[in-house]
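Trainee: Take these sequences, add in the hints, and give me the full structure.
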Amino acid sequence: MRAFEFRNGDLVFAGNGSYSRVTGNDKVRRDITKLLSTDTEFVGNETTYDRYNSEYGIALNNKKVFAGLSRSEVIEKINAMFKSSLEHYVNIQKNQENLPLDEVVNYFDFFTYSDPVNKTLIRVKLTIYMMSGDSMEMSFYENIF
Amino acid sequence: MPSTQDIRDELLAQYQSLLPTLDLSEGTPERDVFVEAPIAGALRQLYDNDDYNKKLFAIHKNYKDVSDSDIEAYCADYDVYRVTAKYSSGIVTFFTLVKPNSDVVINSGQIVYTNSTPRYSFKVVESLFVAKENLASYYNGITGRWEFNVTVEAVEAGSVYVAGANTVSEFDGAILGIQGCNNSSPISGGDDPETNESMLERVSATFKSRGLHNDLGIKGFVENYSESYIASAGDPLMKRDNGHGGCVDIYVRSVELGSFSEVVTITQSGLSDITSGYGLKYITLSKPPVKSISAVRVNDTPLNIEDYELQQDLSSVVSMSTLAKDKIVFKNGITLKDNDLVYIEYIYNKFLYDVSAEFESQKNVYKGRNYLIRELSAGKLIISATIQPTSGSTIEASSPTWIALLQSYINNLSSGSTVTRSDIIQILNGISTIQNVKLDSIQIVDVDSVGISTDSSVILPKNIYPVLSNAEFLLWENN
Numbered sequence: 102m103r104a105f106e107f108r109n110g111d112l113v114f115a116g117n118g119s120y121s122r123v124t125g126n127d128k129v130r131r132d133i134t135k136l137l138s139t140d141t142e143f144v145g146n147e148t149t150y151d152r153y154n155s156e157y158g159i160a161l162n163n164k165k166v167f168a169g170l171s172r173s174e175v176i177e178k179i180n181a182m183f184k185s186s187l188e189h190y191v192n193i194q195k196n197q198e199n200l201p202l203d204e205v206v207n208y209f210d211f212f213t214y215s216d217p218v219n220k221t222l223i224r225v226k227l228t229i230y231m232m233s234g235d236s237m238e239m240s241f242y243e244n245i246f
Numbered sequence: 013m014p015s016t017q018d019i020r021d022e023l024l025a026q027y028q029s030l031l032p033t034l035d036l037s038e039g040t041p042e043r044d045v046f047v048e049a050p051i052a053g054a055l056r057q058l059y060d061n062d063d064y065n066k067k068l069f070a071i072h073k074n075y076k077d078v079s080d081s082d083i084e085a086y087c088a089d090y091d092v093y094r095v096t097a098k099y100s101s102g103i104v105t106f107f108t109l110v111k112p113n114s115d116v117v118i119n120s121g122q123i124v125y126t127n128s129t130p131r132y133s134f135k136v137v138e139s140l141f142v143a144k145e146n147l148a149s150y151y152n153g154i155t156g157r158w159e160f161n162v163t164v165e166a167v168e169a170g171s172v173y174v175a176g177a178n179t180v181s182e183f184d185g186a187i188l189g190i191q192g193c194n195n196s197s198p199i200s201g202g203d204d205p206e207t208n209e210s211m212l213e214r215v216s217a218t219f220k221s222r223g224l225h226n227d228l229g230i231k232g233f234v235e236n237y238s239e240s241y242i243a244s245a246g247d248p249l250m251k252r253d254n255g256h257g258g259c260v261d262i263y264v265r266s267v268e269l270g271s272f273s274e275v276v277t278i279t280q281s282g283l284s285d286i287t288s289g290y291g292l293k294y295i296t297l298s299k300p301p302v303k304s305i306s307a308v309r310v311n312d313t314p315l316n317i318e319d320y321e322l323q324q325d326l327s328s329v330v331s332m333s334t335l336a337k338d339k340i341v342f343k344n345g346i347t348l349k350d351n352d353l354v355y356i357e358y359i360y361n362k363f364l365y366d367v368s369a370e371f372e373s374q375k376n377v378y379k380g381r382n383y384l385i386r387e388l389s390a391g392k393l394i395i396s397a398t399i400q401p402t403s404g405s406t407i408e409a410s411s412p413t414w415i416a417l418l419q420s421y422i423n424n425l426s427s428g429s430t431v432t433r434s435d436i437i438q439i440l441n442g443i444s445t446i447q448n449v450k451l452d453s454i455q456i457v458d459v460d461s462v463g464i465s466t467d468s469s470v471i472l473p474k475n476i477y478p479v480l481s482n483a484e485f486l487l488w489e490n491n
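Residue numbers (this note's numbering), protein chains in the order written: chain A, 102 to 246; chain B, 13 to 491.
Because the hints were derived from the structure by calculation, they are not lab data. For glycine and all other residues, C-beta sits at the position ideal for the given N, C-alpha and C. Errors might be hidden in some of the hints.
Calculated from the model, a selection of chain B residues having no Cβ within reach of chain A, i.e. all distances over 12 Å [claimed, not checked]: (1) Y75; (2) Q374; (3) P412.
Derived coverage of chain A by chain B (criterion: at least 3 residues anywhere in the stretch with Cβ under 8 Å from a Cβ of chain B; other residues may be distant) [to be verified]: (4) 104 to 114; (5) 133 to 143; (6) 154 to 162; (7) 187 to 197.
Non-contacting residues of chain A with respect to chain B, defined by C-beta distances greater than 10 Å in every case (computed) [said to hold, decoys possible]: (8) G125; (9) F167; (10) L170; (11) R172; (12) V175; (13) F209; (14) R224; (15) S240; (16) I245.
Mentor: What follows is the structure, given as structure tokens:
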């Protein structure tokens, strides 16, 4: 599918003056980055207008859900959030027609762990396997404690 | 009007037809930038504004969805303005049984309270200063008290803030030389702000007449200030024109009390001239309708209250108007004589003069007519009912609330209304602390017999509005 390249929230111009585009694995990487940097709607994060995709994104910023949890419970919670968020993305893809195989997620795997140096960070290592047979890795971290 | 989803679907369809390969699926930046941002930032508001503007074009039909300020702006184009909430006003008498040793000062803003529940507050409108040497003119030999009448108005505006006669008995703080206070007459006249419906009805009336050349036009103008009734040629209430027409009586409901003092110099020729406005035993007051006389001095000698009385003009063709012949009548052998200088201080309905000045200042007022501003008068009603309170409620505890609800209904009815038994039943049945109402027990008593009473209703004349004087409840022991 046609998609524009975004960087730091802005469209990117190509050298010829047109908008720069992304396709294939890069598009999926862009979409996953967008997905995991968007808050779902939760109490304290209500949108002011009729938001059409209140379930899209992840609720990592809803720090209340981590209150009083042990480190292992926090990791479990984040695992559940990632799983739910990525499954939502996969469902969106299932509703689209004519996606090229290198833009379709076959399955994903991820590993969540505490940063060995900075104990306030939780890190997630995500591996995405595409229908084309390609795979790519992405890393995320979140300051929870 | 399209819903947000309708707008979204329309935009998506347009983009899909122009750019079929553009990914506008959920959550993509393209979707956010090209579809959702325009909806949230402008389109939704534009559609809402468009819908609102359409309602403004049919404001009489859609007034419930239009803001108060837009309704006011629309009405102003027809010279119709919202009648603001009115404050009840009345007279409170501060008294003492012991002659004060110094001047008596009752400051404006002094608060007095009702002894009822809920407790309503009223404030003194104008300060009263009585020098020690003038105290004698405030002595009432009948009650044995020194009495000082002041005008008060409710602290809060609205029809609820009223006080029945003899219910105001407390005041804030201490006043030097004063032992207590009381109101021998009700404090009333408070009204809620005019509703949007009422304003729009008045706009409709202006379509029939906008000028002041007929009753409707006059009514439309005067009702910017108060509920009114216009009696002109052919109206049974018009008694001044002897059937020839040309006179217009403008009855207004609002009351705004003010104090006024005048000095009358008595001359021998005046005493024998019936047009002078005074005689040996009376003086016609120049600011009718007068509500009470506060103090009188003849040649600087104060008169006691029992030496004079107010004689209100309640029956002439100009009664209760700015031309009423309200008089102070002297008693106990007091007679006026040549060169007497009579000082009279009294409380009158200032509102009639304010409306009169506003009316006469209108450029298009028809000069050939004889206009007279006069008071609509109150028709006091007493309601009695046999009631079965709900479990846990008692008549003693709940009746003040029931009375307040009945007052809220009856006191808001306009002049010329009919108060029916079925209205009363409907109100009582709607009260949560009332289990049952004995239908044939409802009685509506027209205290002063000013209306037409039937078994089930009281029909009031066009120049009289209903006021609930009291309500009495008996327990229905439904065995």
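Trainee: Compare the structure with each hint and give your call.
Mentor: Verification of the supplied hints:
no.: 1; hint: Y75; verdict: 27 Å, holds
no.: 2; hint: Q374; verdict: 50 Å, holds
no.: 3; hint: P412; verdict: 43 Å, holds
no.: 4; hint: 104 to 114; verdict: holds (count 4)
no.: 5; hint: 133 to 143; verdict: holds (count 3)
no.: 6; hint: 154 to 162; verdict: holds (count 3)
no.: 7; hint: 187 to 197; verdict: holds (count 5)
no.: 8; hint: G125; verdict: 12 Å, holds
no.: 9; hint: F167; verdict: 24 Å, holds
no.: 10; hint: L170; verdict: 28 Å, holds
no.: 11; hint: R172; verdict: 30 Å, holds
no.: 12; hint: V175; verdict: 25 Å, holds
no.: 13; hint: F209; verdict: 16 Å, holds
no.: 14; hint: R224; verdict: 24 Å, holds
no.: 15; hint: S240; verdict: 21 Å, holds
no.: 16; hint: I245; verdict: 24 Å, holds
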